[in-house]
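Undergrad: Since each chain comes alone in its own frame, lean on the hints to assemble the complex.
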Amino acid sequence: MEITLNNPKPFKSKREKPYWLFTLFASTFLIAAPVLFILSHLFMPFSDSWAHLFDTVLSDYIFNSIALMLGVGIGTLMLGVGAAWLTAMCEFPGRKFFAWAFLLPLAMPAYIIAYTYTGILDFAGPVQSTLREVFNWAYGDYYFPNVRSLGGAICMLTLVLYPYVYMLVRLALSEQSTAILEASRILGKTSWQSLFSVALPMARPAIVAGITLALMETLADYGTVEFFGVSTFTTGIFRTWYGLGDLQTAAQLCSFLLLFVFFLIILEKKSRNKLRFHQNKSVKKLSKINLTKGRAATAVFFAGSLVAVGFFIPAIQLLFWTLDYWKNVWDADFINLLFNSFFLAATSASVCALMAIFLAYSKREFKNKAAHTSAGIAGIGYAVPGTVIAIGVLIPAAWLDNHLDYLSTLYLDMPIGLLFSGSMVILVFAYLVRFLSISLNTMDSGLSAIKPGLDESARSLGASKKNVLTKIHIPILKTSVLTAFLLVFVEVMKELPTTLILRPFNFNTLAVKTYELASDERLLDAALPALCIVMISLIPILFVSKSIVIDKAKHE
Amino acid sequence: MSDQLVIKDVTVKFDNVTAIKNICFSLEKGEIGCLLGPSGCGKTTLLRAISGFEPIQAGLISLDNEEISTTSFLKPPEKRKVGMVFQDFALFPHLNVEANVEFGLANLSPKTKIKKIKEMLSLVGLEKISKRYPHELSGGQQQRVALARALAPEPSIILLDEPFSNLDTELRSQLAFEVRDLLKKRQVTALLVTHDQDEAFAISDKIVLLNDGKIEQLDTPYQIYHKPNSLFAADFIGKGTIINVGIDATGLLANNLGSLSLNSLPSDMGNSVKLLVRPDDIAFEESSETKLKIVSKSFLGPNYLYDLALEDGQTVPCLTHSHIDVDVGDDLPVKFDLRHVVIFNAN
Numbered sequence: 001m002e003i004t005l006n007n008p009k010p011f012k013s014k015r016e017k018p019y020w021l022f023t024l025f026a027s028t029f030l031i032a033a034p035v036l037f038i039l040s041h042l043f044m045p046f047s048d049s050w051a052h053l054f055d056t057v058l059s060d061y062i063f064n065s066i067a068l069m070l071g072v073g074i075g076t077l078m079l080g081v082g083a084a085w086l087t088a089m090c091e092f093p094g095r096k097f098f099a100w101a102f103l104l105p106l107a108m109p110a111y112i113i114a115y116t117y118t119g120i121l122d123f124a125g126p127v128q129s130t131l132r133e134v135f136n137w138a139y140g141d142y143y144f145p146n147v148r149s150l151g152g153a154i155c156m157l158t159l160v161l162y163p164y165v166y167m168l169v170r171l172a173l174s175e176q177s178t179a180i181l182e183a184s185r186i187l188g189k190t191s192w193q194s195l196f197s198v199a200l201p202m203a204r205p206a207i208v209a210g211i212t213l214a215l216m217e218t219l220a221d222y223g224t225v226e227f228f229g230v231s232t233f234t235t236g237i238f239r240t241w242y243g244l245g246d247l248q249t250a251a252q253l254c255s256f257l258l259l260f261v262f263f264l265i266i267l268e269k270k271s272r273n274k275l276r277f278h279q280n281k282s283v284k285k286l287s288k289i290n291l292t293k294g295r296a297a298t299a300v301f302f303a304g305s306l307v308a309v310g311f312f313i314p315a316i317q318l319l320f321w322t323l324d325y326w327k328n329v330w331d332a333d334f335i336n337l338l339f340n341s342f343f344l345a346a347t348s349a350s351v352c353a354l355m356a357i358f359l360a361y362s363k364r365e366f367k368n369k370a371a372h373t374s375a376g377i378a379g380i381g382y383a384v385p386g387t388v389i390a391i392g393v394l395i396p397a398a399w400l401d402n403h404l405d406y407l408s409t410l411y412l413d414m415p416i417g418l419l420f421s422g423s424m425v426i427l428v429f430a431y432l433v434r435f436l437s438i439s440l441n442t443m444d445s446g447l448s449a450i451k452p453g454l455d456e457s458a459r460s461l462g463a464s465k466k467n468v469l470t471k472i473h474i475p476i477l478k479t480s481v482l483t484a485f486l487l488v489f490v491e492v493m494k495e496l497p498t499t500l501i502l503r504p505f506n507f508n509t510l511a512v513k514t515y516e517l518a519s520d521e522r523l524l525d526a527a528l529p530a531l532c533i534v535m536i537s538l539i540p541i542l543f544v545s546k547s548i549v550i551d552k553a554k555h556e
Numbered sequence: 001m002s003d004q005l006v007i008k009d010v011t012v013k014f015d016n017v018t019a020i021k022n023i024c025f026s027l028e029k030g031e032i033g034c035l036l037g038p039s040g041c042g043k044t045t046l047l048r049a050i051s052g053f054e055p056i057q058a059g060l061i062s063l064d065n066e067e068i069s070t071t072s073f074l075k076p077p078e079k080r081k082v083g084m085v086f087q088d089f090a091l092f093p094h095l096n097v098e099a100n101v102e103f104g105l106a107n108l109s110p111k112t113k114i115k116k117i118k119e120m121l122s123l124v125g126l127e128k129i130s131k132r133y134p135h136e137l138s139g140g141q142q143q144r145v146a147l148a149r150a151l152a153p154e155p156s157i158i159l160l161d162e163p164f165s166n167l168d169t170e171l172r173s174q175l176a177f178e179v180r181d182l183l184k185k186r187q188v189t190a191l192l193v194t195h196d197q198d199e200a201f202a203i204s205d206k207i208v209l210l211n212d213g214k215i216e217q218l219d220t221p222y223q224i225y226h227k228p229n230s231l232f233a234a235d236f237i238g239k240g241t242i243i244n245v246g247i248d249a250t251g252l253l254a255n256n257l258g259s260l261s262l263n264s265l266p267s268d269m270g271n272s273v274k275l276l277v278r279p280d281d282i283a284f285e286e287s288s289e290t291k292l293k294i295v296s297k298s299f300l301g302p303n304y305l306y307d308l309a310l311e312d313g314q315t316v317p318c319l320t321h322s323h324i325d326v327d328v329g330d331d332l333p334v335k336f337d338l339r340h341v342v343i344f345n346a347n
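Line by line, the protein sequences give chains L and P. Residues 1 to 556 in my numbering are what the first sequence spells out, letter by letter. Residues 1 to 347 in my numbering are what the second sequence spells out, letter by letter.
Just so you know, the hints here were simulated from the structure itself, not pulled from any lab data. There could be a bad hint or two in this list.
As the list claims (entries may be wrong) - Straight-line C-alpha distance at most 30 Å; calculated DSBU-like pairs for lysine-lysine:
{"id": "1", "chain 1": "P", "residue 1": "Lys-29", "chain 2": "L", "residue 2": "Lys-288"}
{"id": "2", "chain 1": "L", "residue 1": "Lys-293", "chain 2": "P", "residue 2": "Lys-13"}
{"id": "3", "chain 1": "P", "residue 1": "Lys-13", "chain 2": "L", "residue 2": "Lys-96"}
{"id": "4", "chain 1": "P", "residue 1": "Lys-274", "chain 2": "L", "residue 2": "Lys-293"}
{"id": "5", "chain 1": "P", "residue 1": "Lys-79", "chain 2": "P", "residue 2": "Lys-29"}
{"id": "6", "chain 1": "P", "residue 1": "Lys-81", "chain 2": "L", "residue 2": "Lys-288"}
Predicted, not measured: the structure shown is a model, and the values here were computed from it.
In isolation and in its complexed conformation, chain P is listed as follows (with noise of 0.2 Å):
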């Protein structure tokens, strides 16, 4: 398949301030993409690029084999086949749900557009509140339409801008599965903002992590909780926390953190690593012999998450089931289980 999204070395610069640099990725036909970065990375900046809404100082964007941004060239954001639904939705208050569908079918015949619009609004399940203008509508009612209403002109991709963070938590996780579904279902190339990451891994096929103006990593999102390849992306995705371990020539971690394989190490590693070190790598086994005092603790509900400092005062996480209780201050017997080795130079 070919790819039906091209971002070329695109740079976008406000007053010489650049906000993206040399962003580099496509998306082919079907796929989902995920842009996802703390806040201020530049992502939105890159959504606005792909909509026509922010020009670019270098590089090039292409659309179906169509260069719709280059350096010279913006192409008006109502000639692109493009679909955004916008963070707040962005409905049209003066208009009921329907005529927010219909607004984007203005080429259609009359026949072909009501058509058009119940099938959209059947595909999101508001068929019968095609009435109601948006004010009279839930959070949760008012992305669908959002969604209907960016589906419903056939674009060649569409533009996601934080679409769930307006929503409560609950809804958030049954929406982003209901709109993956959807957008599979009809072979819909979408690009999705987000700063959540539950969100990116629940929704998509593949992550664009960004981090100011860059791109740290572009990988599934399997790939990018277990294998990342920088010391932000660790950071950054999923929990954890990375310390400063001293290893020797046989791979053996101090701090009896256990051993390391040679040969899944680099081998310019000298004697010092950084390692990531995840809840769930850390064990509670009743009859160890390591004990880690107790810094603190939270309780989760079904688990209690421990942090637990090592001989040289360095804290790790540890997630144990919520009955084993043992008091701060107290030590915990576990068992290192380092299963998705994630180390760095220390340097």
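Just chain L, with the same shape it has in the complex (with noise of 0.2 Å):
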């Protein structure tokens, strides 16, 4: 006897997609790989350049670095704090133009800081003629704190950094239920005494998550500590490869520097765990503390110099310098260096926005706890120093295109040349592990927009599956492809040592030119393509709403 198994083909289920998976793991395999070839090389014979770096410089390796640690967390928690509990909690004249105006330092990367305040205060800068002009004085006769020292890259970070502090407990204290500050006001406490025992230490998850990315930032930073000639890991790191050409003990010294990077990681996730508020949220209105005549002039005072210093000095004093020497740097290798950088940050930016999509689709997809954790790994290069995921990207790049290169010269008689190492696809790719974390936060948060319910509910009004994806996806999720390619387009405009260590021969940026001006000590001349980048970053802060600048500093 048959049996005919006339069964009509089962739906296909969530779960069945195995192309998809795979693709999926694979791509978070290849993101992930340049973290996991570093922190290969901490179970790697260590060379002799080891005993010569212990010998020497390690020890101010790691006492700079720590030294900065300290200085930004602590500068940036007065500052961050201070400026989050004025425009959230207080009223004074200008507040609502301060609580934009806070955000804006973040469009000046540390080193154009860096290099425009050396060349205010630097002994031929503005600040010290006018000083001489008007004393009398000669060189020798007065003295005058040297920027370029540990105590002034502290200072430029702090001023740049503060903002994601700022930004994060804003918001913390914001969101806090008005019904908690009157409780604490009912059992005796002044309303500064409120803050201090109620406010701020429910505000402590932002204040740490804030610090958190401070420091990460610091730790990436390369160009301000480069020109100070503070020794931190990053210009170690750089030292050992161009200075020695020791790429194994470079890479070892970035896995030291990954190691304080998870410790910063772990040290967070800590303080998160054991403070998981539940808050109610109240819908009252939190009243603010008016700020009488005397209060208010202080306030005002410190928020416009915070502002001033941080933002408006340095960019106005850009502005002058550009105006009077860009013919020095305006030429037609200018307009290819433009071209160059634009053309690198819209396709980074493009392929992390079409990253992000995939990834976050991949989520949405499937429920299993691999999916999410391979998403999850996908994001971690926010936390990596730029310098790092250069090393490692250079160096499995550079074995792969020599091998490559020897088997076709061997087998087809045709040297194929770098084929990845020596083009912009490594640069692109290193950005990829970078700043995927950004667009793929912006594109998690719009896509949470999007509830399953809403696809089963539009299909069941008889929207077909492609009806379903122009009607309601697409509307719904344009703003944020729109808003993760932009973050990521400023952010490798602005990146610095990535750009450095992988660009292709004669390939230069806006970034890599600001800095060899500078290096030449051509401060001035440096102000044009520092200037362009500033006025680049603004965008987002300028244009694109603040929560989604909110939503970037959540990135994590």
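TA: Structure representation (structure tokens):
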């Protein structure tokens, strides 16, 4: 007897998408590979260079890195929390302007503010010249603090990194329940005491998260510390590679830097875990503390100086220098370099946006843990300094190139040269690793607006799969994709160490040009490319709504 | 006994919108008062005025014979001896149970502090979980912590803002009794805000019924239920329907509703009145000649609640045992049993 199974094809279950899953895992592995590669160097033999490093500079690297982190940590804590408290909980003239203006230093890369203040404050700069003229001093007659020092680096980094703390703490403070602050008042604490016993302790997770972000940027910084002559891990990595030509040791230094980063991440997670507060949100608007005359004046003075020193003074100085000296830099090469920068940033931002769309949809499609972890790992790059990623990309790519070239010469009798390491491909890939988390977070929050039930209700209302995509998903996600693109675009424009290490021969970007001019002590000529970077970086702050800037700060 | 809390002619305005107007009442030591009213009646505003978060535009508030709010003076909240239990409890999420209770005890010596915390926690039965954090507690436990925290500094009065509204219905009535018990035991003066009359009845000695920023009635729970002195009070408190009904010179009501003794009526009644009919005013009686048509019915478990049509089409409620099961559209034989007659002038 013959049994015919005439079952209709079963409805394809969501879990049966092996190609999709395979692509997801493969791309995650590829993105995580540079970090894994660097970490693997912890277990490799340490070369003789280490003895040399150990005897000479290693203690400097460690001391300076820790001192920088301490200084920047304390600085951003005070400025960020102060600014957040003023704008979230007090009322004074100009509060709304300052609430926005406190974000402006985000458009000012640390190395640019460092170059600018060096130009302003050094011996030939306007400040010292004026002092000499007014008081009739000569060289050596007076003491003036040297910007190009560890303290100067701490100040510069603090000035541009406090907005991370500011954004997160302000958000946390403004979301706090009014009732809790009133409960504190009724139990006998003044509003000032309530700030320290209730409001700030409750905002602790946000404070810690903000400082962690600032410290990660500090660890990643190369331009400022290099220019100021402060030896840290990043400058050490450059020196070991370019100076000693010892890639292995450079990679090992990278892995130590990574340990610092992981230590930070663990610290942040720990402090967050214990303090996962569930607040009942009260609808009542927080009544702000009305600052009276003297106090309001102090508030305006503090806020005004912070914004001026952190953004307006350096930006205006750059503008003046640009107006005076742009002719020194403006030539055919510069136009070429502008084009390079835009092309590179646009390509990388597009790749990041596409990858983010893929990962965000994967998370939505697969409910299993493996898929989620996989997408989470892909976002780890935000914590890893650009220098580390660059070295982690460069070594394997060079190895691959050499072998491909050898093989093709051997079998095809056709040398193909350096396929990856000499081209823009690895540069774009490195940016993808570093900045994917920014676009991924934007996409995630955009996609979270489309609840799974929405698809189903659209289908039940008679929309085809295609209609669901064109009528629901694309309109809702349009802004998210644009924002993801824009944020990465700006980051690539600003990024210095990754580009320095990985750029193809004779390939310049705005950031590299600024760095090169500054390194040649041509600070005034560096103003033009620096100003270009600042203006481009202003775009998301000026035109994209504030909530998105906040989203960016939350990328984790 | 002297009055502990005195509210005298208090008016609060928000940008020229009057939230409460000319409120006058007082509470004696150990008395539990309740501000009852529909949402938006101004009861929370009054509570916030007493706690010092809201300035007043007229009148005065005094506590323990000391003026704490006048039109020109506002004692800051932290200086008033007022305790408060918030609607969402407002426990400090970063402090454990013990530290939450300790928060208001800043001026005590460490030893007295510890003693006080222990006393408070045993009072509300939370000694065993004193080290837990608010998010590890159930709703009822959070409520108890909030109460212990508010009572710890021994305030002159304790204010409770909808303290049970975040809890399950079952827990609600149980806790209401517990709280009343506790407040009475310690002779704490308290003022509760609620829109739930069952809660108000269960807990308070005195109810301030508010409507649209004004006091509608100030009375004991029993009086408020049985002797509402306004249409609003009659309508808001308890279940019941107000019907228009004709009345003749002898006190006989139209629609076969029976008769009223004339001396219980105001003199200027005219020939029509508004009468409050509560579900238990109309009883099922099999032998009754009066039969009313059933318009709708709902099953309440032990009871049926029927809506019955009078001759002129107005409906009245009737509560029966649930084994008296008659279909909608059929007639139900009933007897009018108007004991607490609540009537108002028809105009």
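Undergrad: A separate judgement is required for each hint: does it hold in the structure or not?
TA: Results of checking the hints against the structure:
1. Lys-29(P) x Lys-288(L): It is violated: about 35 Å lies between the C-alpha atoms, which goes past 30 Å.
2. Lys-293(L) x Lys-13(P): Holds, because 26 Å separates the two Cα atoms, which is no more than 30 Å.
3. Lys-13(P) x Lys-96(L): holds (27 Å)
4. Lys-274(P) x Lys-293(L): Violated, because 61 Å separates the two Cα atoms, which is more than 30 Å.
5. Lys-79(P) x Lys-29(P): holds (20 Å)
6. Lys-81(P) x Lys-288(L): Holds. Lys-81(P) to Lys-288(L) sits at ~24 Å (cutoff 30 Å).
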